[in-house]
Structure formats: C-alpha cells, structure tokens
Amino acid sequence: MGMFILKRLGVMALTALGLTLIVFYMTNLYPNLEKLAKTQGNFRMSETEVSTWLNNRGYTRPLLVKYGEWLGVLPGYVIEGTDGEVRARCAPQGQSVEDAPEYCGVFQGGWGYSSVFKEPASDIMWKRLSLTGFLMLCALLLTIPVALLIGILAGMREGSKTDRTLSTFSIVTSATPEYVSGVVLIAIFASSAVGLKWFKGSATKAMESPDFENFTLPVLTIALFSIGYIARMTRASMTEVMTAQYIRTARLKGVSFGNIVLKHALRNALIAPFTVIILQIPYLLTGVVITETLFNYKGFGWLLVQAAGNNDIDMLLGVSVVSVIIVLATQLISDIGYVYLNPRIRIS
Amino acid sequence: MDPLSWGEIIVRILYQFLPVWLSMFVVFTASITFKRKLGLYGRIFDSTVGMIGFALVTFWVFTAFYASAFDLIATHDPLVQASGMKNKKPGIPLREAAKGAYAYYLLGGDNLARDVFSRMVHGSAIVLSIAPLATLFGYVVGVTLGLPAGYFGGRLDTILSFLANLILAFPVILLFYLLVTPEIIATGIPMYMAAVFFIFPLVFITVLLNSRYKVLPHIRTPLLAVVLTIGIWIYFSTISESGRGTFVDFWPNALDLFNIPGGVLVVFISVVFVNSPTIFRIIRGLTMDVKSRDYVAAAQTRGETPWYIMLWEILPNVRGPLIVDFCLRIGYATILLGTLGFFGLGLPPESPDWGSTINDGRKLLSVYLHPALTPAFSLLSLVLGLNLLADGLREESLRD
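Chains A and B supply the protein sequences, listed in that same order.
Here my numbering is used: the first residue of the first sequence is 123, the next is one more, and so on.
Here my numbering is used: the first residue of the second sequence is 38, the next is one more, and so on.
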C-alpha cells in the first residue's frame, strides 16, 4: 500500500510538471506575450516598443530557462533594461533589487505575481479558493444525501412507479449542463418576467454574506447535474445488489423488506457510488467555473476565466497546479477508499 | 396586425416543422414495420425509452438537415436584424414586413432584433454538423491508439496512458481557454493539431483495409490506391486554406475541395482533443478485457497479424458498449460546444449556435426570458434524447 501511494505521488508530480510546462508554453507564445505587453503597457505600443518591453522584463529568453526560474531551480533574472531601470524577477514592483533573493520559484514557495490583480498570486488564490470551497461544500452537502436517497429508492424496486419517476428525474438532470439549468433556474425563480422572485439571480453579495436568498441558486445549479449522475450510478449498483443471491436468501428466510434494504443491501450498494462521488469533484470544478461566471460569484472558477482571458501567466500556472492537484488527489483518494471499502480486495 | 396568442404561436411553430414531422413519420413507420430485420437498430423500437430518445434525436437531425440544405423551417435569416423587434415578446408581428417575408417573430426577437426561432433552427445545424463528426473523429483517434495500448501493453501503454491522463487532468475550460483564443489561433497551433488529428482517419482506414486484404494483393493494392488518393485529397483540402497563410501552402487551389471556416475548425479540434483521451481509456480497458478470450488465442494460433486481430476480431466484439458510449458522447460533445459558446470562444459572436445564443440571452435574463430559454431547452432536449437513446440501446443489447 505504501509503495502504491508513493508511486501514485510520483506520477502526480510528473503530471503536474508536464501540465505546467504545457501551460507555460502556451502562455509564452509570442502573440500571447504581445497581448500581455499591450494590456500592461499601453494598447498603442508599436512592434518595437512591444519587444523592448518584453526584453526588459525577461520574457523573450528561452522557454526552459523561464520555466526553471518559475520552478525555482534556476536563479531569477536580473536585467538592466534599455530604459536604464534594473528589474529582477524576485523583486516585484516597489522592492529594491539588492534585497531580492536569488531564487524565487514554486519550490521556494513563490507563486509569482499576478499581472491583472497586482498582488502576489498565492494571496489571490487562497482567497478565491476558500470562496469556491464553501460553494462546493454546500453543493456536495446537498448532492450526496439527495442523490443517494433517489438512487436507493429507485433501485430497491426496479421497474416500479417510484423507480420510473425518479429515474426520469435523474436522467433529465444529468442531461442538463450547468449553463442550461442555471439559466432555467434564474428564469423561474429570479426574473421579473415570471414574478416569483424568491431568490437573487446574482451571487455577488454571497461572497461576504451568503444567505438563503443569494446562495440557493448557484448551489442548486452545481448540485443538479451531479445529483442526476450520482443517483443513476447508485440506482445501477442498488439494482445489481438487489438481485444478488444473498438478498434472495434473506427474503426467503422472511426478513422484512426494510431490513433487507437497510442492513443487507445498502452497505454493498454504496461502494460504487463512493468512487463516483469522489471522482465527481473534478467535474464539479468545471461546473463551478460556469456557475461562477453565470452568477458573478468571484471564486476560483471566475479567477481561472480572468487569468486565462488576460494571459496572466503566473496566475494561470498557479490555477493549473491547484486544479491538477485536486484532480489527481481525488483519483488517489477514490482508489484508496475503494480498496478499504471493498473487503474482497482488501483481504487479497 | 395583432400579436399572436400562445395557441396560435404553437400551431404556427408546429406547421413550420411540417417537413420534419412528415420525415419522422416515414422513418418511424418504416422502422417499426421492418424492426425484426434491422438488428440492434430495430430493437430500439421495442423500448419506450429508446423510442422517445430516437424521436428527439431524429427531430433535431431533420430540423438541421432541412434548415441547412433546403432553407425550410426557419422563418427569417438568422443574422438579419429587423427594425423595432429588439427583445420583443413571442408572436409580435414585424413592423414593415417585406412582401413574401414571414410576418411574425414566432419566438420573439433577441437583443439585436434577430428572430429567436430562426436562430434556434439554424443553431441546430451548426451543433449537429460539429458534435457527431467530432465524436466520430475522437473515436477514430481513440481506437487507433487504444487498441494497441491495450493489446500490446508494456511501454507503449505506459506512455500513451500517461499522455491521456495528462490531458484529462486539465480542467476542460482551462484547455479551451488555452486552445481557442484569437492569439493562439494566430500562432497556428490549432492548424498543426488539425494536421495531426486528421491523419488518424487515414491511418485507421489504411490499416483496416491492409490487415483485411493483405493475403489478397490483387484486391488490396488497387483498393488502397483508390482509398488513399481520395483520403489524401480530402486531408489536404481540409488542412490547406487559401489565403490564410497556413503552413500547408503547396496544395494548389484548384484541388482544394472545400474550406472550413477557421473558427469551426478550431472548435472541432478542441472538442476532439478533449474527447479522445476518455475514448482511448474505454477502448484500452475493453481490449485488455477481451484479449485473453479464446477466439483471440485462436486467431493468434492461425498466425493472423496483430492489427487484424485488433481491428477485425476484438473491435467488432466490443461494439456493444461502444455504440452506447457513442450516443452518450455526442451528447457530451454538444454540451462542450455549448460551453465554448457560453464563454464566447471559437465561433464568431453572431453565430446562431445554442451556446453563443444562451450566452447572449443570459445578460438580460431577469427581464426577457425567450432569447435564452429557447436555445437552452433545445440543447437540453437534444442531449436528453441522446441519453435516452443510449439507455434504450443499453437495455436492448443487455437483453440477450
């Protein structure tokens, strides 16, 4: 088990390296740098002004050197620009070049400096991540019980009326992407055209003071898609268990139906949904980006869109590292959890 | 003229779809009559769920077909703005309708005074021309790489799986933002990716035919010559674009059959790129599962080549789950296309595809519902239809 986790962590590190290198390459392509120079400097810069601007800030050096600096295995640049000013990678605006440390990469804990927000990237990331964490937590707290309940109720009597109703509900919600369900929910519950106006169509206020009125719709939007998906998986696993031999034996012995479901079937039926739920978290991340854009909730997803839209290199790299860690960590947890939950694998 | 009532609007919309209803009627009667002779396709008509799904899918397929090929169904041009129709409610008559033009905006006007109904209809043509084809390409890539990875295993498998997992570790939206921005398109990277991805169908068909007819050279050689000529011609027609300054400049214009608009090609490639690693993993898993079966061992003993075994023994035997997944994946590709449109990436902003129109409509959602809800429900019904169809197929293929 220890070896297995170690190996997985190694693959994780390798994936993170490969992924950041790709992001680094894409963001450092010349048209992207040109856009960066124009948004940071001014929009009317000429070709030569753009290249001086980039030269002075070390953007035009070889890709791997820049990547090494970002990682922290190579010393950060110190360049005396054509305008006479000396700039160093490790001395962001306002700091003197002499005091700057030699290395300032990810390994030293430096995530760089956001060119859009004018703040250290890690500070922004933590703030946005905690906002999104809260949103995702609420969504999961709603999703898991509801989805499991629907799945179990539908799966315990296959083909019954309850099963058909609940299955229809879950297939419809799992066919609804967030930008459709969000739009429909806003239209029904928040627009003046329908007139219910129970909730707010924007979650901007929810960042400081989340309450029922401004936070329900974003949570519901994220949750709906996952509810449908997890419920379908739970139902499939439940119907499979309900046809197993040992359930039939219990029934023939005269155990009541409630007891069969709760004591015999449930434990085995929940192994598969566990993996599905954990693996659903990275998908939630995509849903979060759409939902946050739709409801103007300035969390991690919103940050991703801002960073990508403005070619904020350091920010985008930080965001990618965090996302890849989330994706790979959930995969690892689901694998380990599956082994622990399933005695047949654990003992062999 | 007075605005139409809701009843009239519904009747008029149903009438607009008349060619679709007729075609669906023909397809359904023919299929149900001969369903015993049609194999798996015929068995869809044994399950209610499958039939509902098939009905939804055929509805949109015929809508897209008639709208783009014969210019039927849609009442107006999806890009033309009419004065005084900005954000108007459904059923409002046009102020000064030209002679012969349709006198109403059946589902109202959007924020640029274009007809919401016609945009929805033409949007279906865009969605249905990209999503299924992108899924098919994803499958060709996934099959060409997944079969050998699962069959041979070893280092090849390790490398390919690592690459697939690498792409899968990207959040989809980050990938879209990295691939589908005007700056990246300016670097030509999507064109290089297109050049790589479009080789896969060529390789696939060549290997498929070669492995089958290797022992019959008098059939194989002319067959391959014809297929490859046509294939390479289409390949270069797709890649080269006159006057766009792509890296394939040597292809003469006279031989250039068609040009795909730049935005569409980029969107297409990124959907293929996002889909293919998952398909790769599915096919790899199925191959690993099946390769220890007796009929594979029998083929190996007969001395068949590995590619013959993979393509003509293993692939046909795992088609069941693949057909089901194919339906689901077209739905997923539709959702991805919508996501791209929602973030305003790739397709031109005035494009009537559903994602872009939802993005347009959501800005005024608290006041005007129809511009956003119409494409939203269209997208929902298509994806739902594909999911139901997949469910029906799964049910029927498990029955035996």
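Derived from the structure by calculation, the hints contain no laboratory data.
Since the model is a prediction, treat every value here as computed from it, not as a measurement.
From the three backbone atoms N, C-alpha and C, an ideal C-beta is built for every residue, glycine too.
Worth double-checking, as some hints may not be accurate.
Straight-line Cα separation of at most 16 angstroms, EDC-like style, residue types lysine to aspartate or glutamate; simulated pairs [said to hold, decoys possible]: (1) B:328 <-> B:350; (2) A:160 <-> B:220; (3) A:157 <-> B:220; (4) B:328 <-> B:341; (5) A:160 <-> A:171; (6) A:319 <-> A:330.
Counterexamples of contact, computed for chain B against chain A with all Cβ distances above 10 angstroms [claimed, not checked]: (7) 39; (8) 40; (9) 69; (10) 71; (11) 188; (12) 191; (13) 194; (14) 197; (15) 202; (16) 208; (17) 215; (18) 331; (19) 375; (20) 396; (21) 403.
Right, here's what the structure says about each hint:
no. : hint            : result
1   : B:328 <-> B:350 : holds, 9 angstroms
2   : A:160 <-> B:220 : holds, 13 angstroms
3   : A:157 <-> B:220 : holds, 8 angstroms
4   : B:328 <-> B:341 : holds, 14 angstroms
5   : A:160 <-> A:171 : holds, 10 angstroms
6   : A:319 <-> A:330 : violated, 21 angstroms
7   : 39              : holds, 21 angstroms
8   : 40              : holds, 16 angstroms
9   : 69              : holds, 23 angstroms
10  : 71              : holds, 29 angstroms
11  : 188             : holds, 23 angstroms
12  : 191             : holds, 17 angstroms
13  : 194             : holds, 14 angstroms
14  : 197             : holds, 14 angstroms
15  : 202             : violated, 6 angstroms
16  : 208             : violated, 5 angstroms
17  : 215             : violated, 5 angstroms
18  : 331             : holds, 26 angstroms
19  : 375             : violated, 6 angstroms
20  : 396             : violated, 8 angstroms
21  : 403             : violated, 5 angstroms
When the structure is compared with the earlier hints, violations turn up for hints 6, 15, 16, 17, 19, 20 and 21 and for no others.
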